[in-house]
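Each chain, letter by letter, is given below.
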Amino acid sequence: MKNILFVILILPIILTACSDEKIVYINDINITPHVVLNGIVYAGKDTSFFYITKSRPIYNNDTIWNGGNMNISDYEIIDNADFKLLVNQKPYSVEYSKADSAYIFTDKMDERDSVGIEITHNGEKIKSRSVLPAPPQILSVDTVSVKRIEYGYPRDYIKFEIKIKDNQGIDDYYRLIINSAVYNLDNNQIYHSYNSLDYFSNDPVLLNGYTGSNNDSDIIIPSSRYNSFSIFRDIMFVDKEYTLTLYVSNERSYYTSNDGCRLGKRMSIKLQSISEDLYKYYASLQYNRQSSSQAIKVYTNVEGGLGILGVCNEIEIYKNQYQY
Amino acid sequence: MSIVFKISLFCSFILLFFFDGYSQSTTLVTIEMKDATLKDIVREIQQSTEYSFVFNEGLNMEQRKNICLKKTSISGTLKQVFDKTGIGWQIVDKHIILNRIEKITISGYVADQKSLETLIGSAIKDENSGLGSYNNSYGYYSIQVVPGVVKLQSSYIGYKSVSKIFFAQSDTIINFHLSESHNELPNVTVYDTKSFSPSSGSIELAGSELRPIPSGFSENDILKSLQTLPGVSSGAEGSTGVNVRGGSPDQNLILIDGIPIYNIGHIWGFFSVFNGDAIKNVSLYKGSFPARFGGRLSSVIDIRLRDGDMRQFHADFTVGLLTARLNLEGPIIKEKTSYSLSLRRSYIDGPLWIFHQIAAYRILPVIYIYDINAKINHKFSDKSRLYLSYYKGYDKLYNKEKVASYLDNELNSYKSIKENYSWGSDIISLRWNYIFNNKIFMNATAAYNKYQYTFESIKNEEFESKRYENTQIRKSKIKDIQFSTDFEYQPHNSHYMRFGGSFIFHDFSPEMHRFQTKEVYDNNQQWKLNYYLNDKRKGREASLYAEDEFAITKKLKSNLGTHFSLFNVQGQTYSALQPRISFGYELTPKTSLKASYTKMHQYVNLLSSNTISQPTDLWVPITKKLKPMSSDQFTGSLFFDTQTGYNFSVEGFYKYMNNVLEYKDDIAWKDAFTPWEDYVEAGNGRIRGIELFAKKTQARFTGWIGYTLSWSDRRFKTINQGRRFWSKYDSRHNINIAGTFKLNKKIDLAASWMYATGNRITLPVEEYQSLDSANASENVFYWYTYVSVTNVSQRNNYKMSDSHHLDLEMKYYRTPRKIWTFSIYNVYNHFNPYTAKAGSTYDSQYKNVVIESSLLRLVPSVSFTYKLK
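Sequences listed follow chains A and B, in order. Note that my numbering has the first sequence beginning at 1104, numbered continuously upward. Note that my numbering has the second sequence beginning at 4, numbered continuously upward.
Simulated from the structure, these hints should not be mistaken for laboratory data. A couple of the hints might just be wrong.
What the hints assert, rightly or not - In silico SDA-like pairs for lysine to any residue, Cα to Cα no more than 20 Å straight-line:
# : chain 1 : residue 1 : chain 2 : residue 2
1 : B       : K531      : A       : S1248
2 : A       : K1250     : B       : R103
3 : B       : K405      : A       : S1248
4 : A       : K1250     : B       : S408
5 : A       : K1250     : B       : E522
6 : B       : K850      : A       : N1130
7 : A       : K1250     : B       : Y409
Said to hold, decoys possible - Derived Cβ-Cβ restraints for the label pairs, each shown as a range:
#  : chain 1 : residue 1 : chain 2 : residue 2 : range
8  : B       : L532      : A       : Q1240     : 44 to 54 Å
9  : B       : R540      : A       : K1268     : 27 to 37 Å
10 : A       : D1216     : B       : K541      : 41 to 51 Å
11 : B       : I484      : A       : I1126     : 43 to 53 Å
12 : B       : R689      : A       : S1243     : 56 to 66 Å
All residues carry an ideal CB built from backbone N, CA and C; glycine is no exception.
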């Protein structure tokens, strides 16, 4: 009897005291759409793409949440804008490519070039400006194979120690791009690849000083709540050298080929110098997506509109390709 | 004084005692004397009437007067004779007692008869003059009376009134000991301190038991009681947060025995850190702030803890669903020294620990809380008392994990993880009360106060001959050392002056990080990484204040004061003169009209981005860049007291705040390297509203109804593009109904119902193409490619669903020592949201929706109390 009484009393408490959710349907909320500019200019590349679209209301019967489907991003594309590109104050012409849904500039730009864009569409004017940064200075890249225990099993990693020299007198912003892919070779041609991006770091520079919990440190950086875009800045090593430490998975894939194709793996690490605006865009976008308690406004350097005009200067600091 | 005179005085006192209340006969006096001494006039009256005079030889009876009266009553005659002579008179039966008009001061303590526990806020009334006063936070009162036969009455709600009649010619100490009344429900009673004083918006919760409101998990939670008063809300439903008149939680000065406390919630605010069993009295100030308080913009919540029974030992323990409580109190030296000790600890960690021993993997971390309230009170004499208090509140959440793998019965790899989250406050205070003379009371305080949040993580890994160690510590701390002295001076009944000052050494460490990684390889080579971040700031705060509550006319009373403060931080000193003005006008004996103006300054802020207060929120000081917050508040109110146990009030308020902080719109720099002040912005805020309050304080049923209509908004230079927006604490309508009913000797019932307009939160209503999706051709692969970016075009643009819930409680006294308490929170299981976010749902097609979350639904609970002695 006592046990029954205990269950009668305790069970409802456990069941009902738990947190709960309620869905609130919102009727149409109309907005005045903004003109959106997105584009990154890479120093030394001979083509730059600029995308102009219109923003749309979230709470609208015509707007369907992507529901996990990455292809549904059917923003209204603006293909008839009056597009002015100024490089170092000098106007250049751009072409609109329907296939790419982008305005294309087919010429190279280099470090310290100033990029200005002015767009007019249906009387609305937006503009943006940025300056291409100098490339990052890499002094050395050291690697060593290490094993880590994950869920009770040892796993293979390559530990990278990347020595960076900070550019004197300026604030530097960086983005780390790591591509690691397992591929199938057919007559030495890659016909299928499977990307993976298992890398982690306990380096405070890459974690923005937030060391997180130990479990976080086991999570790959691109999906961590501290730095999903792998961006960092020189605040910890202003005008100095710094050795960035990270671990990239070097696990042999358990994928087996059906057609007897040879398996291989390639890995590349690129480091980008990015503009302050682009850094702020990525940083605020990360908080925007990850903040559960407060909606964060994403940074924009587009006056009168939304989006980002980013600039970067990229170098490849490591490349490896081998077959199993 | 001659023996004859003493005897005559004694006789007159006896006569007074027995014959007081008899009406005087209508003796008429006819007298005509020129340039006669008072002594001669008195003799003449004595001869022509049946009255005899009694007076002290020290009285100046040689004063001369011209008197010409025809058929005048005895009192009219005496009025004329002693006018402007400095001599007062009293008629006691056929005796006329003459005294100096200079008043004497009667002072002392009002305490509980059984325990000698001081009763804060007791009323003292001089029955001869009809004038009254209240005792202070330490139970001390002081009142001026005409020397002679003094009739004082002390009363306290829930206690029997006590009258004392005594003869006094000079300043005298008279202590009152009141005993509990069993005719009325001896439960909490809410009443306005000094209904007819100039103070407005101040409410006191007191009584033999501070437990009017049913709260979740049968916890005796004083903050939940405060949340049922008009102008006070919880911010997030179900939490113990306190938002007063649209202000943020850090704008409340919450004092435990006069010392500010920084963290008020256990388990993310499910229940407050204040153990109701240890509390004696709570005062809330939200309208006119007396000058003695400073440092916060919205309210003062002054919590006084029990001193301990001076006469008898008492003990009781309570077992509830989440916690167990033990209270001990008693004398150390009878009627001289007492102690009070209240302990509370949760025990949910016990079952969790057992569960973890059985389960293969840890699903839940272990959590526990405890708090300790201890106090020793020593009475050196009627003039000198010492209090030593200690408070500790602590929350801990921890997790331990060990994984070992074996190869051929040999340990192949080993991994251990230990994680601890803990937070809590420690407060130690030493207070000395000293009565210099009957008119001057002093309280001197020295206190140490610390709040700290710590996260600690230690990980060890071993694989073959490789070792990996990782230690991380994150802390946030605020530490104060405080010295203060307060004086209370009552030169006349019409003046009640308070003055004093304080000095606080603040040590702020909002963000401290320590990170260490060590790797040892096969060849004994080591790799180490050490990282430290220690953001420390010191603040020095000094303040002086003076206030006087006085009667300008018989009907017009005022409290005028000023609070001057200095705050030094980063070499910058801020000063602020904060006037406090309040007036009260007695329209009729039952109605009063009040108005006030209050200026407040605040030097510490709590940075919080959440809808509920988190232990990880940072307490930060103002800086060189961020100036102190300040507010100007105007109130106007009408009070009506039927004097039969019903009170009604209407109060309107307008508050303008400067330099309030909010997070900026795009927090791109929110990393540990950037000072927190770079991601906040200072702006202004306005709060205006009206509060209606009706309450019943007597008989078997007591309760109140409150309604608040308010608007709260903010404006910043860049946030929300410089446009004004609703504050997240904006809640248009709030209704509270609370009541207690004594069904019979064995059963007490309590119920409360609340309704609040939903709080505000920021939700994006616009989205646009992301750079990643536009730029996908760049062949950068990421797990999370953001297709859309949501744009926040307006802050706090979404009003969450309204909250309301009915709570019930029944207290069953099985025997006087065994008490069962049954309660149900949110009886009809209404969904009350505390936060909301944008989301999607599939209902034949995908739809964008808002997902609201609630903390608590229906919560039944039970507790059992056993009184050992």
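Each hint, compared with the structure:
1. K531(B) to S1248(A): Holds, because 17 Å separates the two Cα atoms, which is no more than 20 Å.
2. K1250(A) to R103(B): Violated. K1250(A) to R103(B) sits at ~97 Å, over the 20 Å cutoff.
3. K405(B) to S1248(A): violated (25 Å)
4. K1250(A) to S408(B): Judged against 20 Å, a Cα distance of about 15 Å means the pair holds.
5. K1250(A) to E522(B): holds (11 Å)
6. K850(B) to N1130(A): Holds, because 11 Å separates the two Cα atoms, which is no more than 20 Å.
7. K1250(A) to Y409(B): holds (17 Å)
8. L532(B) to Q1240(A): 44 to 54 Å: violated (22 Å)
9. R540(B) to K1268(A): 27 to 37 Å: holds (33 Å)
10. D1216(A) to K541(B): 41 to 51 Å: holds (48 Å)
11. I484(B) to I1126(A): 43 to 53 Å: With Cβ atoms ~51 Å apart, the hint holds.
12. R689(B) to S1243(A): 56 to 66 Å: With Cβ atoms ~59 Å apart, the hint holds.
Against the hints set out earlier in the document, violations occur for numbers 2, 3 and 8.
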